[in-house]
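Residue numbers (my numbering), protein chains in the order written: chain A, 1 to 372; chain B, 1001 to 1220.
Worth flagging that the hints you see were computed from the coordinates, not collected in a lab.
Please note that the accuracy of each hint is not assured.
Unchecked claim - Calculated cross-link-like contacts (lysine-lysine; reagent style DSBU-like; alpha-carbon spacing at most 30 Å):
1. LYS1133/B <-> LYS273/A
2. LYS106/A <-> LYS1120/B
3. LYS286/A <-> LYS1120/B
4. LYS11/A <-> LYS1133/B
5. LYS273/A <-> LYS11/A
6. LYS273/A <-> LYS1120/B
7. LYS273/A <-> LYS286/A
Claimed, not checked - Calculated Cβ distances over 10 Å to all of chain A for the following chain B residues:
8. PHE1094
9. LEU1111
10. GLY1131
11. LEU1134
12. ASN1177
Where a beta carbon is used, it is the ideal one built from N, C-alpha and C, also for glycine.
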Amino acid sequence: MTWIILANAKKRRARVAMTVAGIAIGVATLFALLALSAGIEQALDREIGAMGANILLLPEGCPYELTLALMQGSDAFEHIPTDVLPDVRSVADVAVAAPVAVGKAKINGQLTSLYGATDEILAVRSWGIDTFSGAIVGSDAAEKLGVAEGDRLTLRLYANEEIVIDAVLEPTYGRDDTFVFVPLAVAQRILGLGEQLSAILVRTRSVTATATTQSTLGRMSDIQAVPPSDVFERLMELFATVKQTLILITGIAIVAGVLTTMNTMTMAVYERKKEIGILRALGSTKVNVFRLFVTESLVLSLVGGVAGVILGFVATQFLPQSSGFGLEATPVFSFLHVVICLLVAIVVGVASSLYPAMSAARTQPIKILREL
Amino acid sequence: MRIELAGAGKAYGQGEARFWALRDASLAVDEGNFISIVGPSGSGKSTMLHLLGCIDRPSEGEVSIDGREMEGLSDREMSGIRRDHIGFVFQQYFLNASMTALQNVLLPLDLAGVAGGREKAAAALETVGLGSKLRSLPTEMSGGEQQRVAIARALANAPGILLADEPTGSLDSKTGNDVLEMLVNLNRERNLGLVIVTHDEGIAMTADRIVHVLDGRISQ
């Protein structure tokens, strides 16, 4: 039957091209949405995992906004007093408590994320560095600032200081690549935090101790203890709401596509009434005619589906690669997404062809022959 | 193969608008017969052809195919009879312009899932003298050649009876005569039942039996 479909398509090139393009655009939107969503989920998972902490101690306030600010290297209004640190460290099962002060500062004249930390940060990150007294610069930040190991950085905001670069990190493909890490006291002076902290990253002696330790730490005043997994789940819930809305919009676009294709197919049936009547007179059954139209639509939809996947892939290469959470999110492509998109195309093809195909199959040859 | 009309008639329309296109027609067509149906436009000759070809059902009387009454046949069974036992040729050729001669003949066979369709289609085109034009498009062929493709399409599934509605009506006289000669030869050489609807007395005279239709009734 393929040759019949090809011959008919050749006869109605413009109509076929428009039908395929309509389906392709809908599928491309869906494919890009799926790839970007998966990318954002992966980026969130990666960034939260890269913190290297079982528990985040945050100032009182919205834990999700504060976690995002920490991940993005942005300033927050709320802070933790440094004097809670000894109490935190005294809690049983707290193996590491790494205080951090994070915010944007002018580094070599460019606004860059400054991440103040003590040597304890080295215990929760996997950089292969034991100690630092100068600056550790992420790979992207080094490229942006045009600096290398041994160079001097000028830090400026609430204070004005210079610091020597101890090391430039190998790319981690996370937000660490964009940070300039400096000793905690330096960051506190530059960011004007005094004796305050943005957060304390806590690692427990064992994973099983996380819940009890979180409970103990959560009872301390001025701070809240949040497991990153909770933050991840909550952010994913927030993202799921956005994703559902986008999928709904895409769904509406696809339904509109179904109706448009149905209209196109119905017009095609009307135009081809004579052809259908002759085929019926020559012995084609209603089922033969029905199958012809459904198959034609299915083939066009599949071509549109494949074109849509390719179009969606190309489109994602040109879209800005950052999520609504301000994280670097590279689109993630999977075979499952391709299958979903092609299935949607098939459903569009079948759904849009049912009415016109039934209408074509119901054509009585005598009615057509009497009109000739 | 025998198709028989027994007092068959056909009415169209409803209520006040209802009119009889054909009434009380009795005619039997067997393989090997050559019958012409003659009459002016609107006399009911095409209606008779449609009843003979299982394209339409009678409003009165009976139509039987090999003794089986049409009344008891489903739409699918009627399609099967048209596909396997009856060939149709129309005044206009009704070829698909984007399909080659071979594809036009193959189309109804392929749609119906007839086995060996391609070979049957090629053989039918060979029969009508178009063996060298299998890949030609209708736009590359003359009117006579296009009508021969249509005849090949009607012959492809080896029907017992061929029904032709004004088959030479769109052709010049010489080409029309060639096409008619071909149909007559098929009737003689293949024992094909041939029914030609025409308003041309000259063509009608070539048949073994002439049926005159006037105002919806067989007049002689």
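Consistency of the hints with the structure:
1. With a CA separation close to 28 Å, the supplied pair LYS1133/B and LYS273/A stays within the 30 Å bound.
2. Between LYS106/A and LYS1120/B the CA atoms are separated by roughly 83 Å; this puts the pair beyond 30 Å, and the hint is violated.
3. The straight-line distance between the Cα atoms of LYS286/A and LYS1120/B is roughly 23 Å, inside the 30 Å bound, and the hint therefore holds.
4. Distance check on the hinted pair: LYS11/A and LYS1133/B sit about 20 Å apart at the alpha-carbon level, within 30 Å; holds.
5. Between LYS273/A and LYS11/A the CA atoms are separated by roughly 15 Å; this keeps the pair inside 30 Å, and the hint holds.
6. For the suggested pair LYS273/A and LYS1120/B, the alpha carbons sit about 27 Å apart, so the restraint of at most 30 Å is met.
7. Restraint check for LYS273/A and LYS286/A: satisfied, since their Cα atoms lie roughly 13 Å apart, inside the 30 Å limit.
8. The claim that PHE1094/B is not at the interface with chain A is violated, since a C-beta of that chain comes within 10 Å of its own (minimum 5 Å).
9. With a minimum CB-CB distance of about 5 Å to chain A, LEU1111/B fails to clear the 10 Å threshold, and the non-interface call is violated.
10. Against chain A, the non-interface label of GLY1131/B holds: every CB pair exceeds 10 Å, the least being about 20 Å.
11. Distance check on LEU1134/B: its Cβ is at least 14 Å (rounded) from any Cβ of chain A, clearing the 10 Å threshold; non-interface status holds.
12. Once the 10 Å rule is applied to beta carbons, ASN1177/B is consistent with being away from chain A; the minimum gap is 24 Å.
Checked against the numbered hints above, the structure violates hints 2, 8 and 9; every other hint is satisfied.
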